[in-house]
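Trainee: Sequence:
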Amino acid sequence: MTGQKPLVTIEYCTGCNWLLRAGWMAQELLQSFGEDLGGVTLVPGYGGTYEVRLDGDLLWERKRDGGFPEAKELKKRLRDRIDPARDLGHLDRK
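Numbering-wise (this note's numbering), the sequence shown opens with residue 1 and increments by one.
It is worth saying that the hints were derived from the structure and are not from the lab. Each hint should be verified, as a subset may be incorrect.
What follows is a list of derived Cβ distance ranges for each label pair [unchecked claim]:
| # | residue 1 | residue 2 | range |
| --- | --- | --- | --- |
| 1 | 44 | 5 | 20 to 28 Å |
| 2 | 15 | 84 | 35 to 43 Å |
| 3 | 23 | 63 | 16 to 24 Å |
| 4 | 63 | 35 | 16 to 24 Å |
| 5 | 6 | 64 | 19 to 27 Å |
| 6 | 84 | 35 | 12 to 20 Å |
| 7 | 21 | 55 | 20 to 28 Å |
| 8 | 41 | 15 | 13 to 21 Å |
| 9 | 6 | 61 | 26 to 34 Å |
| 10 | 48 | 85 | 16 to 24 Å |
| 11 | 64 | 44 | 16 to 24 Å |
| 12 | 43 | 77 | 29 to 37 Å |
These numbers were taken from a predicted model, which means no experiment stands behind them. Positions of the beta carbon are idealized from the N, C-alpha and C atoms, including for glycine.
All chains should be built: construct the whole structure from the sequences, respecting the hints.
Mentor: See below:
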């Protein structure tokens with residue numbers, strides 16, 4: 001699939017009312033990566049799920065990774081997968 005932009009999906013628990021959290025994270029990723037992504041899709045789920053995937057591969061899972069991701073951490077994980085040489089500006093500074 002040469003030339004296809006990466007797709008991010010955020011699956012969130014509807015019963016836990018995590019739609020706003022998922023929407024905010026989608027906005028953060030689109031703000032930082034914009035046209036480098038093919039899109040960010042919100043997927044309603046259940047059972048306390050909060051998973052962020054890049055082309056189907058798990059980037060963050062609430063239970064595995066110990067809670068919800070900080071935008072900074074998730075952006076770094078995404079960057080490391082799609083464009084490791086990319087400078088994230090103030091996020092890469094201490």
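Trainee: Hint says 20 to 28 Å; check whether the CB-CB distance for residue 21 and residue 55 agrees.
Mentor: Hint holds: Cβ distance 22 Å, inside 20 to 28 Å.
Trainee: Does the hinted range 13 to 21 Å hold for residue 41 and residue 15 at CB?
Mentor: 20 Å, holds
Trainee: Is 19 to 27 Å right for how far apart the beta carbons of residue 6 and residue 64 are?
Mentor: With a Cβ separation near 21 Å, residue 6 and residue 64 satisfy 19 to 27 Å, so the hint holds.
Trainee: Starting from the range 12 to 20 Å, see whether the pair residue 84 and residue 35 falls in it by beta-carbon distance.
Mentor: For residue 35 against residue 84, whose Cβ atoms are near 18 Å apart, the range 12 to 20 Å holds.
Trainee: May I ask you to test the hint 16 to 24 Å on the CB atoms belonging to residue 23 and residue 63?
Mentor: Hint holds: Cβ distance 21 Å, inside 16 to 24 Å.
Trainee: Verify the CB-CB distance for residue 64 and residue 44 against the hinted window 16 to 24 Å.
Mentor: 20 Å, holds
Trainee: Okay, residue 15 versus residue 84 on CB: inside 35 to 43 Å?
Mentor: 37 Å Cβ-Cβ, so the 35 to 43 Å window holds.
Trainee: Range hint 26 to 34 Å: satisfied by the CB atoms of residue 6 and residue 61?
Mentor: Check failed, 18 Å falls outside 26 to 34 Å.
Trainee: Are residue 48 and residue 85 spaced within 16 to 24 Å by their CB atoms?
Mentor: 36 Å, violated
Trainee: Do the Cβ positions of residue 44 and residue 5 conform to the proposed distance bound of 20 to 28 Å?
Mentor: 24 Å, holds
Trainee: Should the hint that residue 63 and residue 35 are 16 to 24 Å apart at their CB atoms be regarded as holding?
Mentor: 32 Å, violated
Trainee: Should the hint that residue 43 and residue 77 are 29 to 37 Å apart at their CB atoms be regarded as holding?
Mentor: For residue 77 against residue 43, whose Cβ atoms are near 18 Å apart, the range 29 to 37 Å is violated.
The structure shown violates the earlier hints numbered 4, 9, 10 and 12.
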